[in-house]
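Asker: The chain contents come next:
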Amino acid sequence: MKPAPFGYVRPLDLEDLVGTLTDGDVLLAGGQSLLPELNERRRRPRRLVDLNAVAGLEHCEAGPDRVLAGALTRHQDLAERSDVRAAVPVLSRAAQHVGHAAVRTRGTLGGSIANADPAAELPGVCVLLDAMARLRSAAGERTTAVANLMRPGGLAEHEVITAVELPALRPGEGWGFRELSRPGAYAFPLVTVSTTLLLGADGAVAGLRAAVTGAAAAPYALPEGAVAGLLGAHPTDAWADAVADQLAAAADPVTDHYASAAYRRRVVRHLGRQAVADARQRAVPGAAA
Amino acid sequence: MTEVSFTVNGRPYRITVEPRTLLSDALRERCGLTGTHVGCEHGVCGACTVLADGQPVRSCLMLAVQAEGREFTTVEGLGTPGRLSALQEAFHAEHGLQCGFCTPGILLTLKEYLAGHPEAAEAELRGALSGNLCRCTGYQNIVNAALRAAGRPAAEPAASLGPETRPGPETPLGAAIPRREDRRLLTGTATFVDDLAVPGAVHAYFLRSPHAHARITAVDADAARAADGVLGVFTGADLAQWTLPARMAPSIEGLVPQVVETLPTTKVRFAGDPVAVVVATDRYRAEDAAALVHVGYEPLEPVLDPAESLAGRAALVDDSLESNVVFREHYSAGDVAAGFARAHRVVRTRFSHQRMTHAPMETRGCVARWDAGRAALTMHTGTQVPHPYRTQLAARLRLGEDQVRVIVPDVGGAFGQKLVVHREDLTVAALAMRLNRPVCWREDRAENLTAAAAAREDSAEVEAAVTEDGRILALRARLLSDFGAYSFFPANYMLRVVAMMLPNVYRIADYTCEMDVVLSTKIPAAPMRAPMAICTWVTESTIDAIARELGLDPVEVRERNMLRESELPYVTATGETYEDITPYQSFRALLDRYDYGGFRRRQCAGRAEGTYRGLGIACLVEPSTYGSAFYRSAGIPGSGHESAWVRIDPSGAVVASAGIAAAGQGHETTIAQAVAAGLGVKAEDVAVRLGDTEVAPYGMGTRGARSGTAGGGTALLAAQRLKAKVLAIARERLGAAGEEAELDIRDGEIMRAKEDGWVGTGLSVQDVARTAYLDPLSLPEGMEPGLAVQMAYDPPPMTYSNATHLCEVVVDPVTGRVSIERYLVAEDAGTVINPKIVEGQIHGAVMLGAGGVLYEGIAYNPAGRNLTASFRDYVLPSAREAPTVEILHSGTPNSRTPGGMKGMSEGGVMGSIAAVTAAVNDAIAPFGVVVSDLPITPPRLSDLLAGRVPAAPAG
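Respectively, the protein sequence lines represent chains A and B.
Positions in the first sequence are counted from 1; adding 10 to them yields the working numbering.
Positions in the second sequence are counted from 1; adding 2 to them yields the working numbering.
Among the clues, some could well be false.
What the hints assert, rightly or not - Listed next, the stretches of chain B that the computed footprint assigns to chain A, with coverage defined by at least 3 CB atoms under 8 Å from CB atoms of chain A:
1. 34-46
2. 53-65
3. 283-294
4. 436-448
5. 847-861
6. 873-879
7. 933-942
What the hints assert, rightly or not - Reference excerpt, derived from the structure (chain A facing chain B, CB under 10 Å, subset only):
8. PRO15
9. HIS110
10. VAL113
11. THR115
12. ALA178
13. ARG180
14. ALA269
15. TYR273
Hint data in this document are derived by calculation from the structure and do not stem from the laboratory.
The beta carbon of each residue, even a glycine, is placed where N, CA and C say it ideally should be.
Chain B extracted, bound-state conformation (with noise of 0.2 Å):
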């Protein structure tokens, strides 16, 4: 041990480390400031920086025993919540950040640089940024922040488009107002699982398998038991004891029941799959004990070729079951024969999406604490549902629900993947149980890509029958996916969705779709953001194959087959309703913005210098909300009712809360505007309070975009109905003069209509709360005290919002890059709560789309070993890469949900992957080949193109 001194934010310390105790870690668990944090330890992602003696540096790449004499700057050092700084206010005011995870490396980062570069252009800033990863903002909010922090003017804002449909700026409902978390997440004040203070807890690591497929012969941990401050060493075989396994087994057609264990206990299904868990004093001494862990495996052949599972060649992933397909289904809608019989063409396609993976900035973790005396478990964990995370939790640890409760802290992003009770998080608390001590663990980014969740590994096959001038007759699809090892979700859960959308906005009612699923040796599945989206790209590409074959425009073909507003509603082949979209709205308006044919010039142009540019177009609706007759209907498990209260207390104070949790998409704004449009308060006036299932009402939680509509939508339907309380306890105490008058409530006033406007009453939402606890004698006949009101609402079984994206790229043939030059989107959101917010929503995903199209990916080798097992190989895009979003609103509200609202934050991953991929395919047209497989990499698309001379241009 060594005792090393150095200062932070000018406070002198004084600590005694081990000569391996990372400065990152003793800067949070020494020093107590949490607000440095770690999300890759291997110096990639830049969450950790920190300054030293002014300097940059990677805290995770610096021991605390280099820290002697050094001056440090945190994120604590920069401004208090109270006080921001002016580059925090910038980040506040630009909405440039959404988790916070990566926000305070950002911060310092740009602290330095722009002290030293006040007059930095954008692509310079960008290149500065480009050490810091960022999984949520699409780092175009970041930049303008950046701008306006050093003085200069942010991008335009997003252009209206069409009829005004929002809402005045007077209502909280609509404004862009800044979000209430970002004070505690600038300023390293937020608390994020790991950042718990727990007395007297202990860590949990697994042990994990290096093989893809393999049996356990032996575990033998006695060396690892007897190791310094170790616990326990626990494997399979306890957890059988201590849990009950997940048994996915829905009574759904065509799916194959499974069951999964806890840990596994005789033979592990991919790299990665959990082993044996160690508990010790602290995560090192954890680790090293993991290391004196011998496990026996006998190998068994990786199954990694889909193809080859459906035809029956690969090895049994799950012994229980007979083959490794595991959901097949085959829908059939109108006279599809038909339609191939008179075709004058049948176009065919193919497309095949790589395996991914969310990798939120925050890993998962979670810290579980066992109270033995009121026999009570709490649960800290980052989930996206608490409410279904708490009722699965129960279920498996054989307790009560009433046992345990779910903690959501501040969450660094999910984008899916932390929706279920995870294998690690049962064990934790089974193990926090039977040690009787709270049990810390905290996913490393190894364990996270290769470990946590995947998504997106599907491929189709497409065939359409078209007239010669481009109508589509008929559509047949085959899907296939990759589920990987284990099924956590039902396996038709994404596929099915991916069907039900493939007819996207076109008039086709003779479709037919065959689904199958099988299990691989490879990470499992799970939603990620927008799970459906390869069905856009599908789609559009095939429009975009119609065209190429037939010599026709692209554009040309989407105007004959697509679905005007006039024929709203329409119910599609897959027994979808649209209603309230603008799909050709957003189309015409978007290609008028863009100056279509001026493109085409420049292309022609472009070619003839050798410069390879392309343009693609992707028309879209998305699916969102998902109410509980959607899954009755699809035939998925599910309930899709939201719940929420808001009660307003004695002294006036409004406060709200919903069954959706947060990990970064401001719901606490969101939820605040929602209840102060149906109130009749102001924003700031109403609490929020969300994640603690002992404080919030039963939920189905935040996922398929429908935190906005189900979440915010009840709790507007919650301040309305309570509203009426308010106006009620008013009119008694008016008298007289309140029998007639019209009375509304306006920032917290009760007001009254008079010809020429509205009129205070001399009473305010404050004075009527305090009747309504502290006088109920005063209040109406019969009406019961207090101020609260909770309700369940159950929306529609979707709502549907549109979109049009439109890409504009150059290819470098020789490098194989792609540079996005320009990216817009027009999208008709519905009623918005807040525009920053969703234009925030819509930048990310678009970079979300975009980054798997051209450079994300898991790599596994033939042996099954996984590849990409760090931010050096799993390439997440940086502010270098990320295009700006140049956004068209319109907001046609949806006549079904509170207020009009739809969902969407879904929709910018569905465009982005079919708008990137068919403007690489439009700019490399010229050389006769057809991206059909992801990711375009650089050196994939260099080796397509390799060898190929392109065509002279035409004309």
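The shape of chain A in the complex, shown without the other chains (with noise of 0.2 Å):
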């Protein structure tokens, strides 16, 4: 199980990356994802175009109001850094549950985008915030909703995810995140649900995002027509089972051999119910004004 020979090259600038890019090329990131795939020769691409040296790309800021993240940003900082927790604790949490420690000192926000595994976790998060990825190619700079490459055709040819742009939650945002992942040491993610929540002064709900992962073709938010007609309301228990009511209608997810398309429904429903209680306890009364 080695991989087929291929080419490297390791540009050290934006410029020299995007000047070098060429048919047949795949950028290599952290490579948790892609390794496999050349150990098991299931992609064998022409030349390896190496991101890791690329100065700037790691570079990962915090602020009040966002987060901005370079595409080699590590797994391992999203979780750990104190900066980044305070202003999108439902990131920090997601970048915990991805693999295990020796994955997370390699794998990256970028490289997770990029892969767009419908089940991943980090992708999910953005799909939530309503992230932005920045892209650049020989072409010039883009950005673009990182909902938007996880469909097929999202990412251009030759085209760079740089850095991800995540909104940071409000002061009293309550928020969520529930993982069920399949036993056993791989530990990748069945179907995970991430949710934010913002009550009024009157403890009504002013604020709600939820997106799931696992249980259709790419990650999906809550369909806005499901959030408007949930809004307004006290975040009973009812209400609860009613937003992870709405999540599962949404999915369309898929049997396989470990899985039915019926449990994968459930456990959105069952996830769903917990990331909105976890929600509502963070949530402080009055956040939304």
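Please dock the two separately framed chains into a single complex, following the hints provided.
Answerer: Spelled out as structure tokens, the structure:
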């Protein structure tokens, strides 16, 4: 189980990087999903372009309004940095769930998005928060919602994710992240649900976001129509059930040899209830003001 | 090629690599640091974990070119055999390793984790360890070692149950000493087969069929032969000239003789079947060339359902046979019809166990070296049975057995997968001879999971005739086993023992069993640790079903049917003799310790709150050791004898050997203890040499829980015999003072009995050895010089140990997750050589069984393609899922074996399949369903319960 031969370059800055990209190139970030594919010869790139020496891609800054994470920000930094946790705690929690320590030290946010696995944790949080990806190619720069990159063709040819901008939660905004992973050492998520919740001074729901991974071809957010119907109410248990039911209704899961579609849908509902309950517990009434 | 500079363990390296060279390969092959082990190469098993700038990384998921400027720590940097680090010492003290293959990755993971989390609770530690797979230990002693290293007390030791029959701590038999294997395994200085540095070696890679069943129409290897670094591409036709096929044709009634080619020439019979072998200068190039081989296939119908084969509706797997049914037997004892005629009720149960695979952390592999000048082959491979392996290998290469030497290096787990001369092994040996070059083969994980060997795809249907109060009057069973694509073992090998053991510890005199074994287009079967294991599940679950249908308590039904110690010896319906076992005592003692009544109250209270708690009990007798008489009476070819030698060199050094071969069980330690006990020296003063057929005497190897009793027992007998000679010489040397005295050897000193104890004679074993070799004229009249004894011993037909398992689970009906809350085992394994080793065997066996119940399974799609070719999809339990096992020992000696030993390493699997399944069924009883198909993975259990409304708790 050894990779087929490939070329290898390690550009040192973005200009070099976008200047060198050509057909048959595959970008190497943390390599935690790519290397198994190479070793098993499921992918045979002509050349690997290693991003790890590109200046600035690992830079991550977190402030009161947002986290601006370079594409090579490692899961471990997202999980452990106190400034990231203060700004986007739901992202930190999700990053703690990724793989194991030896995966988090290498795996990157940009890599996770580019890999676009429908069940992975971090793209789900990006969809939840409507995070924006900064992209760079020889044609120039553009910005797009991470959600757009989760579909086939989202990332253009020879285009590189350089950074991801995630808006900070508001003070007092509650959040929840729940995951059901497969048992054993692989620990890859089957389904994740993430939520945020803003309460008005009267304790009624003023803001609600929720996103699901592992239950459709791509991560999805609670549909806007469903959100509208859930605002203004008090977040009772019945209300939490309604949120979970809406999340499950929006699922479009598959059946494979490990789990049935019906199971995945039930898990969405189950984790949805839990994640909403977590958010409710953390939400401070009046934070919406 | 790229030049890279980095440091490892403080030492600088500058190497030139291809861009694709994995860091794991660079460390092992270019830096010579073979302590970093490769277990899966897809980032799941964690064996290759190293520290990069102090942070853990999977070295199989980094390219060597990415190592530039980094500082790595590998296991070789943690400590040396002479000076272990505190973490390594903790593993040594707690028996935190068995085969040691996963150990380096675990040590490095823990080193980093404990530095940052010295106060981590056990659950957090298990989480941190859950990215490192171990197949041997059940993780319990690994967790204990981590806790010890963190300076916190480990879990309480196992409790002793009943009369303490184990010898005191002053004798080496029964001493829980640390293992002597550990120092090399903990420091990366052990030598596994892939660690052998063989100058001039070339690498073999097998091209395998993607089809379940297909005719081979053409093999075009021209492009591959012309590829860079390729020495040749060979097919079944080549191997047919150089080797003999395997003939599986013992004269057993009901067994269909079969012939298996070395590599298939006309058709492939499962996805993973090898069709060609590429030999190249390295593994990378061999794989490159294999991609250029074009094989033409004409697909045939896959054969996946054993019932279809039984009914004669499936395609023929072996074209030379008339049917896919390769074994059929109908066994009957007593008057079954009469039992059913007077039954109050007939309770029917059915069972289906999925196909599993052994998944040792070290895959298969070998290095074959041909010495043309001496016309001699040396085979380095991790076989469990070096001598029978040598016999087979020599015959199939048409060599004299004297021309073949088998050397077993350190072995990373076997569990029954490393018992035969695999087709790949034979091919590699033949290639070494043809090419006159050393040839290496190391199976990768995908091959191991799809092509090595599989086990346990057995199903059973049972009818029990019972009285109103739950007594079993008669039992009828039908067993069906899916043997896979080829018979590498007699097809009755496993199923017959299932049938033999079905009556278990109960009074069932009237019993009948029909057995069928069929071929299919799946991975061929091999015995896997406790090949008979489903027998316990079948019988114990039938008892539970009887209780359920009659409205009785399952404990009560066991009470009514179970043999009491006073009824022993007892001959079962299948002709087995139970003696020196304590099934009822173990059962009662475990229930008393556990507080069974208290559980039922907790269960009831939990159900009212939506917590589904369940309890499973499994009683078992474990057949072990398997003497020659067993094989003859069971109609299975084989010998059960074992051989050992013990010698004392002129310096007084004691050396011993036996025919068994270890794959993590600590045989070097236990053989040393047995010899020390027999001879009267300290265990640490006995050197043990195993696994080299030029050194070890011809024995039957390690399988069937025989190594303690057959291997240890023979070593004990040989040592006792040698001791008699030592004492005879000592008596001669002591002259008049020795004539009347009662002499013994204690810690290597010759002692004399006095009224109030033992006193030294001034002579030591060392003095006697010098006389024996260098002053033969001072020996007793007629005695031959030297001090060496070699002997063989054939143990009783069977030794039985027994155990009761108790498992408490909580089931989450929504997610389908089963968490094992408590797991208790009361074990009577007779005289124990090393209790810590025995405990480790129980931990590991329990987890192997539980993993099969809850997570593992080989899956094929309808076309017969394997869907579980990686550790992503073939799920081994991690430290997070593994239970903590509480053990109660008792030690009723076997009256027929040396020292009273019994075998015990498989019973944990038998018990846990039964106990975990029963616990789940007890937990979900309010939903009105019973699980009878394994595995009970979370999605399957959840699907089963979905839409069912649990009955309200009664009372």
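Asker: Do at least three Cβ atoms from the segment 847-861 of chain B come closer than 8 Å to Cβ atoms of chain A?
Answerer: holds (count 3)
Asker: Taking beta carbons only, do three or more residues of the segment 34-46 of chain B come closer than 8 Å to chain A?
Answerer: holds (count 4)
Asker: Quick check on the hint: A:TYR273 CB to chain B CB, less than 10 Å?
Answerer: 4 Å, holds
Asker: Quick check on the hint: A:PRO15 CB to chain B CB, less than 10 Å?
Answerer: 6 Å, holds
Asker: Hint validation: A:ALA269 versus chain B, beta carbon distance must be below 10 Å. Holds or violated?
Answerer: With a minimum Cβ separation of about 4 Å from chain B (threshold 10 Å), the hint on A:ALA269 holds.
Asker: Against chain A, does the segment 873-879 of chain B show at least 3 residues with beta-carbon separation below 8 Å?
Answerer: holds (count 6)
Asker: In terms of beta carbon proximity below 8 Å, does the segment 283-294 of chain B have 3 or more residues touching chain A?
Answerer: holds (count 5)
Asker: Double-check A:VAL113 for me: the hint is only fine if its C-beta lies closer than 10 Å to a C-beta in chain B.
Answerer: Hint on A:VAL113: holds, closest Cβ of chain B at ~7 Å, below 10 Å.
Asker: Count the residues of the segment 933-942 of chain B whose CB lies closer than 8 Å to any CB of chain A, then report whether that count reaches three.
Answerer: Holds: 3 residues of the segment 933-942 of chain B have a Cβ under 8 Å from chain A.
Asker: Please verify that hint: A:HIS110, Cβ, nearest Cβ of chain B, below 10 Å or not.
Answerer: 3 Å, holds
Asker: Against chain B, with CB atoms and a cut of 10 Å, does the hint on A:ARG180 hold up?
Answerer: With a minimum Cβ separation of about 31 Å from chain B (threshold 10 Å), the hint on A:ARG180 is violated.
Asker: How about A:ALA178: closest beta carbon in chain B under 10 Å, or not?
Answerer: Violated, because the Cβ-Cβ distance from A:ALA178 to chain B comes to roughly 27 Å (cut-off 10 Å).
Against the hints set out earlier in the document, violations occur for numbers 12, 13.
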